[in-house]
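Number of protein chains: 2
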Amino acid sequence: MRSLQFTTESSSDGMTGRDFLLGDIPGVLWSPDPAGAPAPLVLMGHGGGAHKKHRAMVGRAHLLVKDCGFHAAVLDAPGHGDRPRTALDERDIAALRTAQAAGEPESPVVVPYNARLAEQAVPEYRALLDALRELPEIGAEGPVGYVGMGLGMAIGVPLVAAEPRITAAVFGMAWPDALFDAARRISVPVEFDVQWDDERVPRESALALFDAFASKEKTLHANAGTHVAWPLFEAESATRFFARHLGGQVTPTA
Amino acid sequence: MRSLQFTTESSSDGMTGRDFLLGDIPGVLWSPDPAGAPAPLVLMGHGGGAHKKHRAMVGRAHLLVKDCGFHAAVLDAPGHGDRPRTALDERDIAALRTAQAAGEPESPVVVPYNARLAEQAVPEYRALLDALRELPEIGAEGPVGYVGMGLGMAIGVPLVAAEPRITAAVFGMAWPDALFDAARRISVPVEFDVQWDDERVPRESALALFDAFASKEKTLHANAGTHVAWPLFEAESATRFFARHLGGQVTPTA
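Chains as they are written, first to last, in numbering that gives the first Met the number 0: chain Y, 0 to 253; chain H, 0 to 253.
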């Protein structure tokens, strides 16, 4: 088992952020300040090209910690943030830049690249869950959710399919091609964000993936607009989804 | 212009309900108690076979009035609630019961039936808007929304297409067949509820109608489940949608 070691800590305005190393993998745990009784945990996965402290992660952590009293944790994905890139990473990123510059389809590069990262990241997130559940403020039995868009979804779908301790998940904005088998093994409540006019991820395949989730309770949120036009109010919707399924009430702070 | 006459009034727990007659059409206006500065108005349309005080209407009014400080108003649809049925209504309802009992498709009956009721109801709702905007607690310039499912959507889509004073709308759960032309004329923000496994309204035609709205900002909420399994949390989502677009904040009461 990888050891969890907290490195730096900072608190402000009702939220504590603790950087940690899980073995040699950097991550962050955001928690309510002061800590109260054990509270639900939401694992987060950042998007491709981003990192653990990207504003999307900090923003979601704010909503989850301050509005719900939950904990939120994220790891740098392999080859992202403070983690070294391998030669394979460099090769895939170069191929992606080349495809984008040439206006060629990204999916032949992105799909296997993300699947490779996910294969590595899934056991890392499971080890993170082992370690975080040893903390008294989270506890061994508390509810756990997962949220990830893009690369965070490419990691999250196989993670949630494999991990029975995760009981609610929010996904969105990833190429579905490599995710159908895992989606069919997911039966926990899912909220799935799609951009209706996504110029990168084809609408039909996104709808087919939503259909593939075995979850009895699943909600598709399709918003007009391109890939990057994903609206921020969906982060608030995801927060309410976790409050519904992990327990608790949303009390908006501002 | 039809005159608006309040008949009975009752208040409880921060909300006043006033029954009224608009000419000879019965309706209800729910308002914050005590009344404050002029506040946004949401017009509501009830579902087929229901009426102005159906629990779906009272429930939405509670959310809009008590959580947002808005007004909410609804009319009995033609041939519904306290309004007389015509011979045509009786004929259509009998045909619908026959089709349902025989397990035959409902849409050949429901689509023209609802279109006929909508043709009558649209000018009624426009007259209601004229009358309500003369009330000081609503005002001539305030924001107006519309929400309706089923029959309420069959009325609401042509209403919102025709009525520039309505600047945000929530629809769902109606047969789309007769609504495409009107949907293409709607450019205000729309939230559209679909049941992914609806055994009555075909998924493909519901998705095509969502595509048809000309709105730059539109969101599809597709939930797993059959027609009647529409989840109540969508009423809360609609409330937040109106708070976003008509102005104001949601403060959940319980």
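Since the hints were derived computationally from the structure, they do not count as laboratory data.
Hints are supplied without guarantee of correctness; some may be wrong.
Derived CB-CB ranges, DEER-like [what the hints assert, rightly or not]:
1) Y:R199 with H:R199: 32 to 38 angstroms
2) Y:T97 with H:R164: 48 to 54 angstroms
3) Y:S11 with H:V227: 43 to 49 angstroms
4) H:T97 with Y:G48: 56 to 62 angstroms
5) H:G35 with Y:F232: 22 to 28 angstroms
6) H:R125 with Y:F232: 29 to 35 angstroms
7) Y:T85 with H:P104: 40 to 46 angstroms
25 angstroms max Cα-Cα, derived SDA-like pairs, lysine to any residue [to be verified]:
8) Y:K65 with H:E235
9) Y:K215 with H:E203
10) Y:K65 with Y:A93
11) H:K65 with H:E203
12) Y:K65 with H:E233
13) Y:K65 with Y:A98
14) H:K52 with H:D12
15) Y:K65 with Y:D197
16) H:K52 with H:S204
17) Y:K52 with Y:G68
18) H:K215 with Y:D197
19) H:K65 with Y:V249
20) Y:K65 with H:D12
21) Y:K215 with H:P230
By construction, the Cβ of each residue, glycine as well, lies at the ideal position given by its N, Cα and C atoms.
Verify the CB-CB distance for T85 of chain Y and P104 of chain H against the hinted window 40 to 46 angstroms. 58 angstroms, violated
Within 25 angstroms, alpha carbon to alpha carbon, are K65 of chain Y and D197 of chain Y? Roughly 32 angstroms separates the two Cα atoms, so the pair is violated.
Quick check: does the Cβ-Cβ distance between R199 of chain Y and R199 of chain H fall within 32 to 38 angstroms? 34 angstroms, holds
Given the proposed pairing of K65 of chain Y with E233 of chain H, does the C-alpha separation stay at or below 25 angstroms? Holds, at roughly 24 angstroms.
Measure nothing beyond the straight line between the CA atoms of K215 of chain Y and P230 of chain H; if it is 25 angstroms or shorter, mark the hint as holding. 12 angstroms, holds
In this structure, is the beta-carbon distance linking R125 of chain H and F232 of chain Y contained in 29 to 35 angstroms? 30 angstroms, holds
Checking one constraint from the list: CA of K65 of chain H to CA of E203 of chain H, max 25 angstroms. Satisfied? With Cα atoms ~37 angstroms apart, K65 of chain H and E203 of chain H exceed 25 angstroms; violated.
Are K65 of chain Y and D12 of chain H close enough, with their CA atoms no more than 25 angstroms apart? Violated, at about 29 angstroms.
Quickly compare the C-alpha distance for K65 of chain Y and E235 of chain H to 25 angstroms and report which way the hint goes. 21 angstroms, holds
Given the hinted pair K215 of chain H and D197 of chain Y, is their Cα-Cα distance within 25 angstroms? Holds - the C-alpha atoms of D197 of chain Y and K215 of chain H are around 14 angstroms apart, at most 25 angstroms.
Verify the CB-CB distance for T97 of chain H and G48 of chain Y against the hinted window 56 to 62 angstroms. 60 angstroms, holds
Given the hinted pair K52 of chain H and D12 of chain H, is their Cα-Cα distance within 25 angstroms? 18 angstroms, holds
Violated hints, listed in ascending order, are 7, 10, 11, 13, 15, 16 and 20; each of the other numbered hints is respected by the structure.
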